[in-house]
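Peer 1: Top line first, the protein sequences correspond to chains A and B.
Convert by adding 786 to the 1-based position in the first sequence; the result is the number in this note's numbering.
Convert by adding 786 to the 1-based position in the second sequence; the result is the number in this note's numbering.
Be aware that a few hints might be false.
Identical chains share a label here; the pair holds if one copy fits it or two copies do between them.
In silico lysine-lysine, DSS-like type, Cα no more than 30 Å apart, as pairs [to be verified]:
| hint | residue 1 | residue 2 |
| --- | --- | --- |
| 1 | Lys896 | Lys1461 |
| 2 | Lys1211 | Lys1311 |
| 3 | Lys1250 | Lys1366 |
| 4 | Lys1073 | Lys1366 |
| 5 | Lys896 | Lys797 |
| 6 | Lys896 | Lys1310 |
| 7 | Lys1310 | Lys1073 |
| 8 | Lys1211 | Lys1073 |
| 9 | Lys1310 | Lys797 |
| 10 | Lys846 | Lys1060 |
| 11 | Lys1233 | Lys896 |
| 12 | Lys1250 | Lys846 |
| 13 | Lys821 | Lys1315 |
| 14 | Lys896 | Lys821 |
| 15 | Lys1311 | Lys1060 |
Calculated from the structure, these hints are not laboratory results.
2 protein chains.
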Amino acid sequence: MTSFASPLWRKLQVYQVYGANTNVGKTVITTLLCKVAPRAGFLKPVSTGPSSEADDRHVKQFSPGTVTQCLYQFEEPVSPHIAATAHASQAPGDAEIVSSIHNILTRWAKDEAMSHAFVETAGGVHSPGPSGTSQADLYRPLRLPVVLVADFRLGGISSTIAAYESLLVRGYDVESVLVFEDAYYRNSDYLMDYFAARDIPLLALQRPPERLRRESLGNSSSDDAFQRDQQAMARYYEAVSRPSSGLGGLLSDLSVRHERRIGELETMASTAHKSIWYPFTQHNGLKPESLTVIDSARGDHFQVFQQPAVKADSSSSSVLGPVYDGSASWWTQGLGHGNPELALGAAYAAGRYGHVMFALGAHKPAIELAGLVLQHTANERLVRVFYSDNGSTAMEVAVKMALRASCQRYRWNAGTDEVEILGLKGSYHGDTIGTMDCSEPSTFNQKVEWYRGRGYWFDFPQVKMVRGSWTVVFPDQLAHAAHGNERESFSSLADIFNIEHREHSGFGRLYAYFIQQTLENLVKKQGRKFGALILEPLVLGAGGMLFVDPLFQHMLIKTVRQNPELIEPSLPIPGPSSSKSWTGLPIIFDEVFTGLYRFYHFSPSTFFPQASRPDIVANAKLLTGGLLPLSMTLASEDIFDAFSSSPAKEQALLHGHSYTAHPVGCHVARMSVTKMMEMERDGAWDQFKESWVDAGPGVATVDAAPRVTVWSIWPQNLLTALSNAASVESVWALGTVLSIVLCDHDSPGEPNFLPACPDSSFLSSRG
Amino acid sequence: MTSFASPLWRKLQVYQVYGANTNVGKTVITTLLCKVAPRAGFLKPVSTGPSSEADDRHVKQFSPGTVTQCLYQFEEPVSPHIAATAHASQAPGDAEIVSSIHNILTRWAKDEAMSHAFVETAGGVHSPGPSGTSQADLYRPLRLPVVLVADFRLGGISSTIAAYESLLVRGYDVESVLVFEDAYYRNSDYLMDYFAARDIPLLALQRPPERLRRESLGNSSSDDAFQRDQQAMARYYEAVSRPSSGLGGLLSDLSVRHERRIGELETMASTAHKSIWYPFTQHNGLKPESLTVIDSARGDHFQVFQQPAVKADSSSSSVLGPVYDGSASWWTQGLGHGNPELALGAAYAAGRYGHVMFALGAHKPAIELAGLVLQHTANERLVRVFYSDNGSTAMEVAVKMALRASCQRYRWNAGTDEVEILGLKGSYHGDTIGTMDCSEPSTFNQKVEWYRGRGYWFDFPQVKMVRGSWTVVFPDQLAHAAHGNERESFSSLADIFNIEHREHSGFGRLYAYFIQQTLENLVKKQGRKFGALILEPLVLGAGGMLFVDPLFQHMLIKTVRQNPELIEPSLPIPGPSSSKSWTGLPIIFDEVFTGLYRFYHFSPSTFFPQASRPDIVANAKLLTGGLLPLSMTLASEDIFDAFSSSPAKEQALLHGHSYTAHPVGCHVARMSVTKMMEMERDGAWDQFKESWVDAGPGVATVDAAPRVTVWSIWPQNLLTALSNAASVESVWALGTVLSIVLCDHDSPGEPNFLPACPDSSFLSSRG
C-alpha cells in the first residue's frame, strides 16, 4: 500500500463531501461552500455522466473564483464501477485515485491564497468507485474530515444516520452536516437534535429551485428552459450565499474545529508527557518531543503529528506524516490497522452481546473460536480452551495448569516443596510476577521487588545464516561435549528442520546426552523438583530474536517425556494412560509471539513431529488480528483432569478475569483467524515461497504451488547478501521475521541485534 | 426495561422486514413472501398514511390467506414520529410497541397452521418510531432475524450497505436480502457479490408494474386507473410467486438458516462442555445442562436457550427466554448489554486506529481518558496513569510501583529482604500469582502451587444493619481492646461515614491504638518489612461483600502515614517533600470493584478525607461500561519518581502488555465514564436518594436535589424490613450493592452471604 501523509495543513482546510444518498444536493451545497469560502478548490475525483453537465463545470459556473478539477470523467450516467467496466483501460486503481487526490491537495496547500478545498464524492458513502471498492473505503487512506450532506427527502432521516454510522465505522470524523429544508418531512429538525447530541453542527439551507429542463420536460432539450434554470440557480446561489444564510457561521464552526484538531495534535505530546506512565519506558530525560502523536492508522502505517521544523513554512507543510509500523505494534497486527471488517465485527458482537459473564455461560463467538483453534492447531493432545486477557495471563494459567498436574502425579506438596520450571535461557513469558518467575534472572526482572526466578534454564544451539551458510551454533557447554565443535553447517534451512532425520545423527544423540546429564545433575544430585517444561517454539522473541535449533527443543521434549525418572526418581513410573497423556513433565509452548501464522504455520508446533507437540499452548497477540486483548490457553485432557478428579470447588482452576472470553474479542478473533486460514488456502503467500523452493532435498518440491513448509517473506538471496556484509555477524529469517545481528567491534562478545518486521499487515496487503 | 423472550420458535419462523430506504418495495416483497409461505402472518406495528391504503390491507388483498394486523395507524403520510406528535395521546411508547408485537407473535406461534410471520417496519432502518427512537433501536429487544429489502434505485448500493451496517452494529442477523431488478443500475449484481461474501443469500425479483394512479395522474382519483393498477398488480403477484421465481428457494434457504440457528443453540452446551475450560469452575460432575447458552443480551437481560421440557409442546414453546444478569456479568456492566452507542464507539476507534503500539505513542483516546479520570477522581496526589488489561494486571502494576518506592526509600534489598504487604483479611486483588500473593492464605489460593501469601492482614470492624439499626461490629481482637464491647450502634449510615467527627471519639483512638500495637509487634518484635498498604475501599467484594468501617481504613492509613518509624524504625525519618508525597507506606486502593460509580461516587476515595486518599489506585471492570477489558493504575508523582530518578533503562517500570491502552478500550471507556458523569450531573439517580435524605445530622440536607453522599438505590425501609426477618442475620446496602447475610442455624458462627446486585444497567435504565 502506498503511504503518504493524511492531508492536514494549518492554513488550507480540506473536507470530503459525502452524501447520505445520491441526489441530496452535494454539488449545490459544495458550490455554496466554495462561494462563501475566501478561496476554494473543488475536486471531483470521479465523475460520471456527460462532461457538459459535470459537477466541476457547475461549480466553476456559479462560483467563478473557485479552482476546479475533475480527475476521472466517464460519460455514462451510471455508477463509476459500471462506467469503468466499459472502459477498463481508462479505469484507475484505488491507489492511483487516492494518490492523485493527495498530489492535487498538496499543490493547493502551497498556494497562499487558497483557504478551503472540497473533495466531492459521487452518490452515497458506499457508492462504488471505479474498481468497485466502496468510496468510504477507497478514500479512507486520506481520512479527510467529512462534510456530510443529509437527505431531506422521505426516508432521509434513516439514510442520513446509516451513512453517518458507516463513516464512523471507518474512523472518519464528520465535522458538519448540511441539509436542504423541507417543510413537510422536517428531517432537518430531527437531524439537528441527533447531531447536536453528538457535538456536530447541522445547517439547514433553502432548497434550490426545481430544474425545469430535467424534471418537467424530459430529455427534449429546450434552450429557453435551460436559460431560465440557469438564471434561477444564479439567483438562488446569490440569495443563499449571503451572510445571513448561516453558511458563514458554518465555515467559522469548521475553522474552530480545524484549529482545535491541530491544537490537540500540538499539545497531545506534552499532555501525555505529564499524565501518562509509559510501559517499559525510562522517563528520566524523556522529552515530549520523543513521543509519537498518532492521529490515525491504516494498513501498515500510522499518521503522526509532525512538529513543524521551520515556523515560516509551517502553513503549507503537512501537519501529519506517515510512519511505518515497524514492529507491527508489538507484533500484534495481522490484517492491518483500521481494518473495516474487524471494526464492523467488533460492533456486531458489541451490539449483540456487549460482554456476557462466562462463568458457566456459552456464547457463539467463544465456542466457535475455541473449536476453530483446537481443530487447526494440529495437535491431537489439545482438547480444551481456557480464555484470558493477554499473553501474560495465558501463561499464568498455563503455569497453574502444569504445576497442578505434576505436583499431583509426583505427590509433591507445593506448599512446602519448591517446585520449579525448566526452560531456555533468554526466554520471556510476560510481565505479571508469576510469569516473570518463569524466566531466568536478568538485569531487567531482578529490579522487580517480588521477582524470584524459579527454574533452570538451558543454554541452547542457535540457527543463523553466517556468510551465506545456514549454521547451527553451539553454546559453550554443548561445544565442549561435542569435543570442541562449535558449529555445524547445513545446505539449507529446510535441512535444519528435517528433525526426524537429524534425530538419529550424531547431534541428536549429543543433545539427548547433554540434556540427560544436566537433568540428572539437577534432580538427583541437587534434589530439585521441576513441574513444567516451558518453551517458546523456534524463536525467543522478547529475549532478542533468538532462533533455537528445532532439534534441540525436540530432543529436550523427547528426553523429558521418555524419562520421567529424570524428573522424579523416587516414585514408580506410571505408564501413560494414552498416547495423548503427558509423561515426564507437562510441556508448555508459549506461542504468544510465534503462533497464528507468524511463521506461516497456523501453529509453530507443526514444525515438530506429533511426538514433540505440547500439552499446553498459550496464544495471544495475533489472535484478534491486531485489534483487542484476548488470549487462550489450550490444554490436553489429562491436564484438565488434574483439576476435576475431585468434586471439591477449591480443586478447580482458580482463575478468571471479569471480561473472560468477551464476545467482542472472540468474534473478532474468529474473523481474523478465519481470514488468515483463507489466505493460506488461496495461496495468498505463494509468491514468497519461490526463493525457498530448492531449499533442501526431500522437503521442498517444485510445482504450481510449491510445497515448502519452511520459508520467509524475506527472499533467501537477500539473506545471503546481508550475511556477507562486513558489519553483519549473522542473519536469519523465518515467516514474517527477519533478524540481523550486527558485529559490535567494541565488544565482540555482545552482538547488537536488530529484529525487523515487514508490513504489519503483509498477511493481507501482500496477499 | 420490560423483559420477555426474544421471539424464536421451532415451527413458526419470524422475520423483521427492514428496508434499505423508503419506497424500495418492502410491502410488495413482503406480500410475495406471504403468498409463497404455507401460511403467513403479516404484522405492521406502525403505519402512517390513509388506512384505506395501509400495507396490511394490501397484503390481505393480494395474499388472501395471510393473517394481517396493524398495531398503530396514523392517518398522515409522514414519519411516525411526526404523526405521533400530532396525536400525542394515542402515541404508544417503545416498550408498549415491542410488548404488543411480542404478544401477537406469541399468539401466532401457538397456531399450528402458521408457518411464517413477517413484521414490516416503516421507511428505512433508522426511520423513527412514534417516540422518535430509531426503529433499529426500538425493535432491538426482539432481535428478530432480518429480511433486508435492498434499494434498486440509483444510489441504492450505498443505502443498502449502510443500512446493513447499521443493523450489524445493533447485533441483528440479516438472513436474506431481496431486491428488485433494474437493468440499468444493476445494483443487484453488485449486492449479490457483496452479500455472498458475507454468506447471505440475495434474490433479485422482477419489478412490479408502475402504478398508474399515483405516479402519472397525480392526486386526481380515477377509478379506471385504480382498477387497472389492481389488475396489473394481481398479475404481477401471480407471475412472481410462481416456483420458478426463486422465492420458494429463498424460503428454503431461510428455513435452513432457521434450523441451523436452533441446531446451534441445541448443541452449543454440549460443544462447550467438551471444549471449554471454565473460569473458577469445578468441572467434576458438571453437566452440559448446567451451562447457560446465551443467544444475545440487551440491557439487564440475557436471552438464553430454553431446553424444551416436554417434547410434544416444543414447537410452540419459546426457544429463548430472558434471564436477569444478577451479578451484572461479574460487576462489569454500567450502561447495559448491547448498548448501541458503545458498539458504534468501538467500531469508530477500530476504524480510526485499530490498535497502535503505546510505547512512546500518544493517541487521543488514551490521553483523554487519562485526563478525565485523573481530573475527576478528586485526589490531588494522583497525576499519572499506567494502562493495562484487567484488574489483576492493574494490581500487579500497583504492587510493582509501591514496592519499588518503599524499598528505595527504606534502602531495603528486595533480592534478599522479604518485603511484604499490609492488608485486610478477606481481601482479594486478582488471579495472577503476584496479586494472589497479596491476599491471606485461604482454602482457595493455597491450592495454587506457586501461591505464597506475602503479608499481614488485619481483622477489621464491619458495618451492618442489624434489626433495623446501623451497627459497627468489632472483631475479637478489637472487642478485647474495647473491654469486651462487641459493637456500636449508629442512628444512620451517614453517621458512620462522618469520619472526621468519629476520629476524635473513643473509637478513633481505639482503632489507632490497636493498629499501632499491631505494627509495633510485627515490625519491631518480629522484624518484618512491609512495602505497601493495600485496601479495597469500603467493601471487599470478592471476599464475600464485607463492608469495612470507613473509620478503620482511615485510621489505618493515617497511622501508617504519620508514623513511618512504625514501618522502618532504624532509619532517620525523611520529612515528606510535599503534602502529596507518600509517607510511611505507599497506600494502594484497589477500586476495581468499588470504583466508577459503584457507590455513586466517581471514586470511593471521596468517602474519605483528602488526608487518607491513596497514592496509587487500580481501576477496571466498570471502566469500559461493561464492554471490554481495560484497566488503569493511577499514581502520585513521587511514586513515579522512584522509577525515573536514574536514567538506567532497567530502573523503569518493567511492565507493558501488547495491547496496552488499546484505542478501542480507551475510547469506549471515555464514552462510558463521560455518560455516567452526565447522569450524575443531570440528577438521573436523585429519585433513589429520597429514602436516605434524613439519614443523619449534618451530612444530608433536604432541598430540590437532596445533597446526600451516602445512599443506595435500595431504599432504607427495605433494608429495615429485611434486617428484621427471622432468617436474616444482617443486611447492608451502599450504592448499587445490597448484601443480605442469612442466619445459618447449623453453624451459627458461619453466616451464609448472599450478595445481590440490582439492574446491571441501572445506571442508565433507572435514570
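Peer 1: Hints first: check each against the structure and report whether it holds.
Peer 2: Against the structure, the hints:
| no. | hint | result |
| --- | --- | --- |
| 1 | Lys896 x Lys1461 | neither (43 Å within a copy, 42 Å between copies) |
| 2 | Lys1211 x Lys1311 | within (21 Å within a copy, 41 Å between copies) |
| 3 | Lys1250 x Lys1366 | neither (33 Å within a copy, 53 Å between copies) |
| 4 | Lys1073 x Lys1366 | between (55 Å within a copy, 24 Å between copies) |
| 5 | Lys896 x Lys797 | within (10 Å within a copy, 68 Å between copies) |
| 6 | Lys896 x Lys1310 | neither (78 Å within a copy, 74 Å between copies) |
| 7 | Lys1310 x Lys1073 | neither (54 Å within a copy, 44 Å between copies) |
| 8 | Lys1211 x Lys1073 | neither (35 Å within a copy, 44 Å between copies) |
| 9 | Lys1310 x Lys797 | neither (76 Å within a copy, 68 Å between copies) |
| 10 | Lys846 x Lys1060 | neither (50 Å within a copy, 69 Å between copies) |
| 11 | Lys1233 x Lys896 | neither (53 Å within a copy, 69 Å between copies) |
| 12 | Lys1250 x Lys846 | neither (64 Å within a copy, 78 Å between copies) |
| 13 | Lys821 x Lys1315 | neither (82 Å within a copy, 75 Å between copies) |
| 14 | Lys896 x Lys821 | within (21 Å within a copy, 64 Å between copies) |
| 15 | Lys1311 x Lys1060 | neither (54 Å within a copy, 43 Å between copies) |
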